[in-house]
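Construct the entire structure; sequences and hints are all you get.
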Amino acid sequence: MTESELIAGLINQNKETIQYLVNTYQKNVIKTAYYFVENIEDAEDLSQEVFIEIIKSIGRYKRNASLYTWIYRITVNKSLDHLRRQKRRRQIHQIGSFFNVLQDEGVKQGSDPVILDTRNDDNEKRKVLESAVNSLPENQKIAFILNKYEEMAYKEIAEIMNLSVSSVESLIHRAKMNLQKKLVSYFSEYAKTSK
Amino acid sequence: MQKPANNRDCSYIRNHLFSYQENKLSDGELKTFKDHLHGCPDCSRILSNFQVAISGIEGKKSVQPDPFIQTRILQRVESNLERMRSKSHIQLLRILGTISVSFLILGASIIGFSVIKQRDTTFTESINHERNIQAIKSELNFPDFVDEELPFSDNH
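If you read the protein sequences in the order shown, they are chains A and B.
Numbers 887 to 1081, taken from my numbering, label the letters of the first sequence in order.
Numbers 50 to 205, taken from my numbering, label the letters of the second sequence in order.
Please keep in mind that the hints were generated in silico from the structure rather than gathered at the bench.
One should not assume that every hint holds.
Partial pick of chain A residues on the chain B-facing surface, computed with a CB cut under 10 Å [claimed, not checked]:
| no. | residue |
| --- | --- |
| 1 | Tyr920 |
| 2 | Tyr921 |
| 3 | Gln934 |
| 4 | Tyr1035 |
| 5 | Met1038 |
| 6 | Glu1042 |
| 7 | Lys1062 |
| 8 | Met1063 |
| 9 | Leu1065 |
| 10 | Gln1066 |
| 11 | Val1070 |
Derived pair list, reagent style PhoX-like, types lysine-lysine, alpha-carbon separation capped at 25 Å [what the hints assert, rightly or not]:
| no. | chain 1 | residue 1 | chain 2 | residue 2 |
| --- | --- | --- | --- | --- |
| 12 | A | Lys1013 | A | Lys1062 |
| 13 | A | Lys1013 | A | Lys1068 |
| 14 | A | Lys1067 | B | Lys136 |
| 15 | A | Lys901 | B | Lys136 |
Even for Gly, the Cβ is constructed at its ideal location relative to N, Cα and C.
Below you can see the structure in the form of structure tokens.
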């Protein structure tokens, strides 16, 4: 099926075309969403939203970028929206817990906080990378994930992010420098405490 | 004999972890890097931890989605489209409803106006008719019996 046929079929909401679209792009969409949200169930749910969005807004698709690029763009935007919602929920939860802590303080006064040390685990070290990636500025994070996880070329990333190739190059470089700094700082601290 | 590690070399290592990992160091840089690692257990430890952390990227790539996800996606897309269609049907019905109500109001107004107009015409015609009679009466000097008292009413 050519891209034009696919687009025409989607505009007409043709069942076979929708099936073809989902079959062709589902794996990439789920994986991209997963690299951002770090939870496969959330990524699968997001992929459903992405396909609905594609069908809903196919009429607005301008052919100045390939359909593949456009689908990636929707996936990245949906994933970032999900992360923002999650962050807001966490903040609300934190506010709630803060008030609960204040309430319980009278009961638990004097008890020391328990810090779980699971850092010896390799998984924990990988989690450190995840949280370091998450703490990157949004553009650096998108560029880094698309480059390192999706193995996309700078040109493709530039098309998805609507930026020049040199801007993408600079974003990825800065992302690596930031990650390096965060990981080194974490592992230096880790080396000191495990001595 | 191993060269003692110094802080300047440590910062060099710590700033080039990605370049080392991605084989982007020149031969000379690679030699400096490796030479320092031999004499600096801290940097060696940091490098090995960094490599474990970075291996998380490869680990993530191997994730496999649920094999039945396609069916789930298609079901949800289909039900969503169905909802969208029924929504657009409801909207269409609403629009049609509004249009028919407007037509009804318009029709009723037209009928109302024409009835009023008809009544006005009849009224004007009857007034004109009355005036004509009055004119004829006055022309013929014909008495208006309605205003006169009946001459024999008192007798009963």
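Hints versus structure:
| no. | hint | verdict |
| --- | --- | --- |
| 1 | Tyr920 | 6 Å, holds |
| 2 | Tyr921 | 6 Å, holds |
| 3 | Gln934 | 5 Å, holds |
| 4 | Tyr1035 | 6 Å, holds |
| 5 | Met1038 | 13 Å, violated |
| 6 | Glu1042 | 17 Å, violated |
| 7 | Lys1062 | 5 Å, holds |
| 8 | Met1063 | 8 Å, holds |
| 9 | Leu1065 | 8 Å, holds |
| 10 | Gln1066 | 5 Å, holds |
| 11 | Val1070 | 5 Å, holds |
| 12 | A:Lys1013 - A:Lys1062 | 17 Å, holds |
| 13 | A:Lys1013 - A:Lys1068 | 13 Å, holds |
| 14 | A:Lys1067 - B:Lys136 | 52 Å, violated |
| 15 | A:Lys901 - B:Lys136 | 19 Å, holds |
Going through the hint list in order, the structure does not satisfy hints 5, 6 and 14.
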